[in-house]
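Chemist: Use these hints to put chain V onto chain A, whose structure you have.
If you're matching them up, the sequences are chains A and V in order. Numbering-wise (this note's numbering), the first sequence opens with residue 429 and increments by one. Numbering-wise (this note's numbering), the second sequence opens with residue 429 and increments by one.
Please keep in mind that the hints were generated in silico from the structure rather than gathered at the bench. The reader is advised that the hints may include incorrect statements.
The list treats identical chains as one, so a pair stands whether inside a single copy or across any two.
[As the list claims (entries may be wrong)] With a Cα cut of at most 20 Å, we get these calculated EDC-like pairs of lysine to aspartate or glutamate:
#: 1; residue 1: K755; residue 2: D718
#: 2; residue 1: K593; residue 2: D509
#: 3; residue 1: K593; residue 2: D776
#: 4; residue 1: K741; residue 2: D589
#: 5; residue 1: K810; residue 2: D718
#: 6; residue 1: K526; residue 2: E673
#: 7; residue 1: K762; residue 2: D718
#: 8; residue 1: K807; residue 2: D500
#: 9; residue 1: K593; residue 2: E682
2 protein chains.
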Amino acid sequence: MKNRKRKVPNNRLRRRLAGARYVLYGLVAMWLQGFYTGGFAQEKKGVMYYPAEDLTILGKVMPTTVPYHRVDTALYTGLPDNVTKRLTQSAGLAISFKTTSQAIYIKWHTTETMPSAVMTEVAYRGFDLYVREHGAWQYAGVARPRTNSARAATTVSQGMDSTEKEFLLYLPLYTETTHISIGIDEGAAISAGGQPFDHRILVYGSSITQGAAASRPGLAYPARLSRSTGLNFLNLGMGASAQMEKEVADMIAEISADAFVLDCVPNSSPTLIRERTGYLVKAIRARHPDAPIIVMQSVIRESGYVNRATGEKVALQNQYIEEEVMKLQKNGVKNLHLIPAVDFLGHDHEGTVDGTHPNDMGFDRMIQVITPRILAILKQHKIISNKV
Amino acid sequence: MKNRKRKVPNNRLRRRLAGARYVLYGLVAMWLQGFYTGGFAQEKKGVMYYPAEDLTILGKVMPTTVPYHRVDTALYTGLPDNVTKRLTQSAGLAISFKTTSQAIYIKWHTTETMPSAVMTEVAYRGFDLYVREHGAWQYAGVARPRTNSARAATTVSQGMDSTEKEFLLYLPLYTETTHISIGIDEGAAISAGGQPFDHRILVYGSSITQGAAASRPGLAYPARLSRSTGLNFLNLGMGASAQMEKEVADMIAEISADAFVLDCVPNSSPTLIRERTGYLVKAIRARHPDAPIIVMQSVIRESGYVNRATGEKVALQNQYIEEEVMKLQKNGVKNLHLIPAVDFLGHDHEGTVDGTHPNDMGFDRMIQVITPRILAILKQHKIISNKV
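Chain A on its own, in the form it takes in the complex (with noise of 0.2 Å):
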């Protein structure tokens, strides 16, 4: 699939216009009833759309038949019901590409329209773009959905040169995406990038992995610890669970990775956490012998400091990761790790959105602390050499 060109010839696009035109009378009443599925009425002229899964797709945790689910929930029907949805939902998930163009349009459908109260409607179920400058990924424009429509098309990033530049499109962090095709000007090229990371971190966790509430999708901590280490960080994140339950410890256990990182306490009770980590960690070591396991605590949530019972909950669900840590540790496993929550969302009580979900502020402040942390145990484990 990769670097496979295409040259777009303006004879090409005139007969698409032509047949369209001629078309579209037919189509009216199907188009009504939703059968189209493209935003047409939003399109451009002069510009050429390719499908997504036709580029390069990273995140990917496994490979899947549908192409922007995280996990192909068919091969593991024995998941929690809303394990399987949320693997079905886009979050890590971004399209590798380059392109001569000098915008970027893109069109897209998702299964849901709603968003949190807590995330952004772009973060929810739209897009970032980025874009390679001096060998860094940066900033290159946001895919703002249209409100109450599961449906969209817009220009994502305008305005620039003619060189071929290498793109990251993250895809929506919170519902299922199922169609998504990438746009450019007439005569551009278009062709799939590489894989910019190196390895697989699999990250396991709750919301919070998942990206909430980042504000928009490239913000989602895996995403961001991707660009800044150029480590492959995989978001497995499954809002309102992560409760380690045995059927996901076994998928998790197949999951092709060079470490595993285990931020799955928060949506766990202190008496989950005591029976199911250690079934977790074994059956992660089982299949990856030598793999590093870095467990994290749970962000101290901060309505825990206002309410009491929150409070002593998460500091249970801490002292009970720790413990179960140190048991594994002595009874013989190795390479495993716990990176404490103290400092992830800094001191001044401004990090959240909603005193449990880090705002970009508090991602920021998490992301410095636990970077040279898993930094340092992968050099440890020669898994990246000491020179990064």
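Modeler: Below, chain V alone, put in the same frame as chain A:
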């Protein structure tokens, strides 16, 4: 209005509940038609509600007839329509109160239901609550709007102990707020709070000042500045506006303030900056001979790095505003200062939600740059002491 305490006797509650039952049948028809103004169906038993307008309202730019407007727009009929609309939105307002209640509830109405695609609903049309802890204001809860409804009732914070505490409840940033009732537990006391912030520093600006795209109302940058410095920064942000129109300049000059921060470059074209900066600054100076006037350059729009036209426009805006300030200084306008935008958003290009509006991380970086600059100017003019 201050320090008025109301004890809620049990028998009064019982009478109210009995009365409510009796009257309810007669009200059902009207209620179904939306006549009743409360989120009655969501109300909890044992909660007593009080109109927030009877408590202390902070953040008012001037006194108004309508409680949660920032300016009495009936007095300024010549303003552009969008400015008038923005001045009725509740950005920067907060309710100051004290209570012994272990939980805080809220019922409210707004005029709009749809958020921007790059803001959360909580920021756009919800609330957040701060409690004073060891002298500092600390996050205590958030009020999420009801999907597709301009009315909502919810619990903002719970699980607290019953000592009297001071609270600030920040109002929605991007909608008119027509009704607020604050609920406390039956038997608890509530009273108007004080004004915790000193002096009056008016911030005239664009959507960025109004609060786009902070993740919740209390994270708009003037609100953060007030809590971190103890000074009273007043939000005169106007999304899609702040173009220094003569009528707006005349209105601003009438506002009682000890200092003026002008963050009105982002939506003013280079031409408008040349035409209008002089009038605005002189109008303020004529009414406030000694008040420092602090002009901020525009944040560098991240989209300007890829879109050359945007990049050039922002560069020109910032060049022109600097020239205008220097011209005014040369012509004898004293106490006029410029804060350059360099470093406002940091240098990793991750500080905005959409290339224009800072996310919480971008705001945090901007605050770190402007706080010492503003404090130094206020000290220089002896508005605050050198000890702050």
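Chemist: Between the shortest in-copy and the shortest cross-copy C-alpha distance, which are at most 20 Å for K762 and D718: within, between, both, or neither?
Modeler: within (8 Å within a copy, 69 Å between copies)
Chemist: With 20 Å as the alpha-carbon cut-off, assign the pair K526 and E673 to within, between, both or neither.
Modeler: For K526 and E673, the Cα distance exceeds 20 Å both inside one copy (40 Å) and across copies (45 Å).
Chemist: Using 20 Å as the alpha-carbon threshold, which applies to K593 and D776: within, between, both, or neither?
Modeler: between (40 Å within a copy, 19 Å between copies)
Chemist: Is it within a copy, between copies, both, or neither that the alpha carbon of K810 lies no farther than 20 Å from that of D718?
Modeler: For K810 and D718, the Cα distance is within 20 Å only inside one copy (11 Å; across copies 64 Å).
Chemist: Please work out whether the CA atoms of K741 and D589 approach to 20 Å or closer within one copy, between two copies, in both situations, or in neither?
Modeler: between (54 Å within a copy, 17 Å between copies)
Chemist: State whether the alpha carbon distance between K807 and D500 is at most 20 Å within one copy, between copies, both, or neither.
Modeler: This pair counts as neither: shortest intra-copy Cα distance 32 Å, inter-copy 63 Å.
Chemist: Please work out whether the CA atoms of K593 and E682 approach to 20 Å or closer within one copy, between two copies, in both situations, or in neither?
Modeler: The answer is neither: 36 Å in one copy and 52 Å across copies each exceed 20 Å.
Chemist: Within, between, both or neither: how does the pair K593, D509 come out at a Cα-Cα threshold of 20 Å?
Modeler: Neither: 41 Å inside a copy, 43 Å across copies.
Chemist: Taking 20 Å as the upper bound on the Cα-Cα distance, should K755 and D718 be classified as within, between, both, or neither?
Modeler: within (19 Å within a copy, 68 Å between copies)
Of the numbered hints stated above, those contradicted by the structure are hints 2, 6, 8, 9, listed in ascending order.
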